[in-house]
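Protein chains: 2
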Amino acid sequence: MNKMIGEQTIKFDSKPKIISSAAIVGPKEGEGPLGEYFDKVLPDSYYQEQTWEKAERKITQETIELLMQKANLSADKIDYLLGGDLLDQTITANFVARKFARPYFGLYGACSTMVEGMILGAMLIDGGYGQRTINFTSSHYQGSERQYRTPNEYGDKYPGYKQWTVTGSGATLLAKDGQGPVVTEATVGKVMDLGVKDPMDMGAAMAPAAADTILQHLNDTNRNPVQYDLIVTGDLGEVGSKLLRELLEDKNIDISEDQDDCGLLIYNSDQGVGAGGSGCGCSAVVTASYLLPYLNNNRFKRLLVVATGALMSPLTFLQGESIPSIAHGIVIENDTQNNAIGNQEFEQRQKANNSNGELNR
Amino acid sequence: MNKMIGEQTIKFDSKPKIISSAAIVGPKEGEGPLGEYFDKVLPDSYYQEQTWEKAERKITQETIELLMQKANLSADKIDYLLGGDLLDQTITANFVARKFARPYFGLYGACSTMVEGMILGAMLIDGGYGQRTINFTSSHYQGSERQYRTPNEYGDKYPGYKQWTVTGSGATLLAKDGQGPVVTEATVGKVMDLGVKDPMDMGAAMAPAAADTILQHLNDTNRNPVQYDLIVTGDLGEVGSKLLRELLEDKNIDISEDQDDCGLLIYNSDQGVGAGGSGCGCSAVVTASYLLPYLNNNRFKRLLVVATGALMSPLTFLQGESIPSIAHGIVIENDTQNNAIGNQEFEQRQKANNSNGELNR
Chain Z
1 MNKMIGEQTI KFDSKPKIIS SAAIVGPKEG EGPLGEYFDK VLPDSYYQEQ TWEKAERKIT
61 QETIELLMQK ANLSADKIDY LLGGDLLDQT ITANFVARKF ARPYFGLYGA CSTMVEGMIL
121 GAMLIDGGYG QRTINFTSSH YQGSERQYRT PNEYGDKYPG YKQWTVTGSG ATLLAKDGQG
181 PVVTEATVGK VMDLGVKDPM DMGAAMAPAA ADTILQHLND TNRNPVQYDL IVTGDLGEVG
241 SKLLRELLED KNIDISEDQD DCGLLIYNSD QGVGAGGSGC GCSAVVTASY LLPYLNNNRF
301 KRLLVVATGA LMSPLTFLQG ESIPSIAHGI VIENDTQNNA IGNQEFEQRQ KANNSNGELN
361 R
Chain L
1 MNKMIGEQTI KFDSKPKIIS SAAIVGPKEG EGPLGEYFDK VLPDSYYQEQ TWEKAERKIT
61 QETIELLMQK ANLSADKIDY LLGGDLLDQT ITANFVARKF ARPYFGLYGA CSTMVEGMIL
121 GAMLIDGGYG QRTINFTSSH YQGSERQYRT PNEYGDKYPG YKQWTVTGSG ATLLAKDGQG
181 PVVTEATVGK VMDLGVKDPM DMGAAMAPAA ADTILQHLND TNRNPVQYDL IVTGDLGEVG
241 SKLLRELLED KNIDISEDQD DCGLLIYNSD QGVGAGGSGC GCSAVVTASY LLPYLNNNRF
301 KRLLVVATGA LMSPLTFLQG ESIPSIAHGI VIENDTQNNA IGNQEFEQRQ KANNSNGELN
361 R
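Those protein sequences? They're chains Z and L, same order as listed. Those letters in the first sequence? Residues 1 to 361, per full-length UniProt numbering, in order. Those letters in the second sequence? Residues 1 to 361, per full-length UniProt numbering, in order.
No wet-lab data here; the hints were simulated from the structure. One or more hints might be untrue.
Identical chains share a label here; the pair holds if one copy fits it or two copies do between them.
Said to hold, decoys possible - In silico lysine-lysine, DSSO-like type, Cα no more than 30 Å apart, as pairs:
1) K54 <-> K15
2) K99 <-> K301
3) K54 <-> K251
4) K15 <-> K77
5) K251 <-> K77
6) K77 <-> K11
7) K77 <-> K58
8) K70 <-> K301
9) K176 <-> K40
10) K197 <-> K58
11) K251 <-> K99
12) K99 <-> K11
Bound conformation, chain Z alone (with noise of 0.2 Å):
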């Protein structure tokens, strides 16, 4: 009954389905390339509440309810909740948590935490621990600066090479039964620092932890990168992408064909970004929305999803350490005629959508 194939890799038989997924997103990304896509687009960043972080638990709790509501499930039809995000000891996710009721592992990946949260889900599935699993994550850009850096009234200056922390909540519903694409493999990553130590510079941070996990996928399931419709890193933006392909270089893997970063698919480069976008969202609600239903669609086969996080904390940053990184890998492929995830809406969606939208290939 060993699962593995290679050194770290999972391999998923049964094939748990992704049978619904959902996000939700702030104003600025509504605003983006993808602002099509997502379920749906906040009018401002505090949702009718009085702080950031009830704001961001809104988002949160209203993605599961319609990632709920879009399956046709129950709170009491889902055996797991598995949730995590940026704020101190999690705050988002457990509250949110505390709404639905439901058994419930919290995690800490940082943006990481949706394909952690993802790897679990289909590992409980699979693994005969239960029927369906919701995964969760969010992320919110003011409050997200004011615990990692300083509050945005200060007016601090930001170099370019900085990451916009993505405003918006991303959900997947795994089952054992049901339509949707697959979970097949995973690869879990190990972490990785290389010494950086700007907090600025979290793309550069992350790059080693993404190539380490990347590698290692393809080592163990013995497949070359255009084996992938796409290899999609979670948020490197610019500066992290470019790292990441000049590490898999030096081991004489040419990913610049086949890979994308949802830091850069979110924005478009005149939104005043700095280096793309980051964030526990920022992967998930471009999972959620977008490459799903391109996979649901029939426009990719086999995706490989490579959610990155920095596991640092403003105060290891004081105390002078350098910022550890993840990155946890997930293939999701498209089997057989699956179509649940909204199929003719994305179609609509892409027809209304300017050609930014579109992936290259």
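Assemble chain L onto chain Z, guided by the hints.
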């Protein structure tokens, strides 16, 4: 291949083995009734480091090294690490995981982290996703007080119902094969909240979650409390333990003869620790160094450990929120003649120990 019994309980047919456990504690914990049982007692809270956070990291790292050494295994034989702690962004666990460079799942379950990690570790092994997992957690009194309440140097007076955060790290090594107590069942908890708002009163906040998980577990397994040698809660302390018994009495369940609490076991009542111990380290070190050897020595046949976590943050308190809590339960049994975890050593320690260290049954 359904491994669920009842509504919320998992049955591990393959019985993952706990082949090693280890714990290192601070000086106050060393002076308590279980002092002789821990693998190492620190002379002071800094442990030759410049900050409490770095001390916590060092303790945790050494605990894992000791854990592997006891099992005569090197890090490359470990398939997964599962870790978490109380510090913002779980920096202890993340930085420690960097050191060992193995596939890593970051968790946040507050003081329930030890059991959350053991449950997921048991699933990874039982499900066939790996052969060996290490789960670890830690807390540090001074670091924790500064982050959650006020720095000790301010000299705030605390109410008697406040609990004392344990300085220490505990870890267990689960394996498909080997000798030691076995994990047979788990009940994953739901987030509960009965409206307690006082961050000094964690025991009261966590008691409803513990009651819910214990009740669910007994229902699912169709057992009575007397069918366990001990039901041990994580860190409810005096206030929370009393409330737990009352909550269960309301449901006609009497656990008064069968329950104990790690927060009460770890300190003597004259140590000035308020209502007892708490923190991720509390249930971790008591389980690793005391309860597991107890099982291993045939003193116990079946143990239910219910680790409890308060899922708030200082920010949610300041924003007027109550304290959501969670409790995860795990059943550990003595299976045949397994005696991996220091049988003789345990007997010697018990001789050296004062009578307080003897569980009253």
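*asked:* Taking the earlier hints as the rules, which of them does this structure contradict?
replied: 1, 2 and 3
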